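Here is what each chain is made of, one letter per residue.
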Amino acid sequence: MLLPLILIPLAAALVCLLTGNRRVYEYATVLSCAAVSGMALLMADAALEGGMTARPGGAIYADALSVFMIVVITLLSLATSVYSVEYMGNELEHGHVDGKAHRYYYMLYNLFVMTMLLVPLVNNLAVMWMAIEGTTLVSALLVGLYRKRQSVEAAWKYIILCTVGITFALLGTFIVYYASSGASGGGKGALEWTTLMAMAPSLNPATVRLGFILIVVGYGTKAGLAPVHNWLPDAHSEAPTPISALLSGILLNCAFYGIIRFAVIARASLGQPFVRDMMFLFGISSVVVASIFMLIQRNAKRLLAYSSIEHMGIIALSFGAGGPFGFYAALLHIFNHAIGKPLMFFVTGRIKGRCDTVETEQVSGVIKAMPLVGTVGFAGIMALAGAPPFGMFISEFLMLKALASGGHWVIMGVFLAAGGVVFYGLLRSFGGMFLGASPPPAPAELPMQISSPARIPMPVGADVNRRLAVRRFRGLLSGIVMFLMAGTLLVLGLYIPGPLDRLITLSAGIIGR
Amino acid sequence: MPKEWVVVYSITDFITVGMLLTVVAMNSLKRMESFLRAYTINSILLAALMAVSAFYLDAAHLYIAAAVTLASKGVAIPLLLRKVVRSLKITHEAEPNINTPLSLVISSVLVVIVYSSLSKGIFIEGFTENTLKVSISIILISLFIMITRKKAVTQVIGLLLMENGLFLAGFSLTYGMSTIIELGVVFDVLMGAIILGVFLSQIKKTFIDLDLDKLTTLKG
Chain Y
1 MLLPLILIPL AAALVCLLTG NRRVYEYATV LSCAAVSGMA LLMADAALEG
51 GMTARPGGAI YADALSVFMI VVITLLSLAT SVYSVEYMGN ELEHGHVDGK
101 AHRYYYMLYN LFVMTMLLVP LVNNLAVMWM AIEGTTLVSA LLVGLYRKRQ
151 SVEAAWKYII LCTVGITFAL LGTFIVYYAS SGASGGGKGA LEWTTLMAMA
201 PSLNPATVRL GFILIVVGYG TKAGLAPVHN WLPDAHSEAP TPISALLSGI
251 LLNCAFYGII RFAVIARASL GQPFVRDMMF LFGISSVVVA SIFMLIQRNA
301 KRLLAYSSIE HMGIIALSFG AGGPFGFYAA LLHIFNHAIG KPLMFFVTGR
351 IKGRCDTVET EQVSGVIKAM PLVGTVGFAG IMALAGAPPF GMFISEFLML
401 KALASGGHWV IMGVFLAAGG VVFYGLLRSF GGMFLGASPP PAPAELPMQI
451 SSPARIPMPV GADVNRRLAV RRFRGLLSGI VMFLMAGTLL VLGLYIPGPL
501 DRLITLSAGI IGR
Chain H
1001 MPKEWVVVYS ITDFITVGML LTVVAMNSLK RMESFLRAYT INSILLAALM
1051 AVSAFYLDAA HLYIAAAVTL ASKGVAIPLL LRKVVRSLKI THEAEPNINT
1101 PLSLVISSVL VVIVYSSLSK GIFIEGFTEN TLKVSISIIL ISLFIMITRK
1151 KAVTQVIGLL LMENGLFLAG FSLTYGMSTI IELGVVFDVL MGAIILGVFL
1201 SQIKKTFIDL DLDKLTTLKG
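So the sequences go chain by chain: Y and H.
Position 411 of the first sequence, counting from 1, maps to 411 under the working numbering, and the rest follow consecutively.
Count along the second sequence starting at 1, add 1000, and that's the number in the working numbering.
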């Protein structure tokens, strides 16, 4: 049941490698994402029935927390694959990428999904490290896909900074292993999370503390926590838009998942206060740094990237606050952010297609020109800013509740102030974009000089009509996906569906035990 | 204490200090080929350390680890990087931000800091105590080199040296992980080196030069 989750995206990547037929590899990618999403929902069902337990010594392992992550990853990669077909199709037809890069994109996309799915599925923490490093390697190639100056620079920064960061995470992993070997009387140590959990109370606290600090710094780099976030705005702004959505919506969460797994061990060994202080330190600095930088951004994608840093900070704060509300709020926020942020990247991609820029000052009146996308996008911005009645309001409210019940008034005050700045920053930039008076320039004519791979002849007559119909169809599909995402955000703001609530409660129980 | 342990002590110390020296030497080198040679020596010493420990600990899986380390870090990655460096036609590192004497001083200060802060006896004892300190010194000095040097190739070599330091640390803490993990991590490092090589040639193509000073179009 668990292994096919990895094998299906791998098979889809192979299809992309082997065939040059665009329809075939596009379908293969979407179908593979749909298949893993279906399996993830079945797994969630089984997890709710209490059916998912670890085999002792098994390499592949999934508890409710893993299943929750898998659901987030698969659903978002499905949505993004549908959007990719539209976005990358347009990029191909406008000649921004060539046929080879287009195919290459889908191959890497599938590999990227595979490495991300591997992260929550493995029991061995060193293998989890390999999977996280694998996501960096694959996604760096995707960030640099356009081979322009900026994208190569962003990809370079991304791979160097994240690899350095993650090196410290592996050192931390080794140190935790050493602690376990000391606890078992100098014999073989353990790297399996389940084994480490069982022996956590007997681990040497000083060793675990050093290991956990290295882990938080290391995976924190990848999760975009300030002050080690510097790669994030560049990579998010220069990557192809669907990849920005994946990076922001789920890759950051995968890295944070790595922190969570170790934090559970650290809690059992050191107690909540140490974990709390680490999380507060990184969380509050992320929120503050992001809020300041959001005031000076003029590029919508960079602005969204800084917003991701802010939201990762919120997740870290909720996680640090702990207690019955904190862990629940952190996971709920992961879910909300994984929907809201990709949605906004999708909208930004649509705006770029229409206005050919995402500089916030050069675009205005999106709602007038594109009523549906504009409305969805404006709702998305309100959601990201934490306004009711959207999902993030609930999770942020729960976080505040957790902070208040823990008596962390200073953290709460700083967060509220920074949250106000974020609200202002988002609305100032995006408000003008969506609501401004003058409508953007009329859409360009469909370019007849469609650049297509050499083996496909130039379209003529009826062929152009067919192409237009195809383009409209894939636009419609991704539009439906965006509406579904906006709808989900709205629904989550009003009530949390039973199964999701139970899955998050179970996962929070694993963290908080 | 049996006599052979004394031998192990001195041999492992000898090898690890050799690794430290190759990294410190990076501070005073200018030619790209010398950087590569320093990295190669460093990797071969790492493999040698694993082989020696395999002999004394009588652990077969460490021989495999040593062979894999030698093949990947000692042979494959240096050859790959040499090919990239030659095709890019860069021979020398630009004048670093910090001059050679000062960077040598900073490197030694880093070693002193590591030795004094880790000697509080947080956790490690036995014959790998020195190894751990040396490995953390290697990680920090490599990081320092990455920060102060300007050419992208040097950054890659600094990163790879850092990973050697990490392997050394991992080795001293665990006496070698299981073979599968060793292989997986080496595979990741190898893929990383290949991808960095790809990006090096792309930077060369798009920026004409490999000076990282020019990689400043993205700010804020």
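Rather than coming from a laboratory, the hints here were simulated on the basis of the structure.
It should be emphasised that the depicted structure is a prediction, and the values quoted were computed from it without experimental measurement.
The reader is advised that the hints may include incorrect statements.
Distance windows between CB atoms, simulated [to be verified]:
#1 Y:R502 / H:S1087: 55 to 65 Å
#2 Y:G512 / H:S1117: 32 to 42 Å
#3 H:M1191 / Y:D356: 47 to 57 Å
The C-beta atom is built at its ideal place from N, Cα and C for all residues, glycine as well.
Subject >> Indices of hints not satisfied (ascending) >> reply: 3
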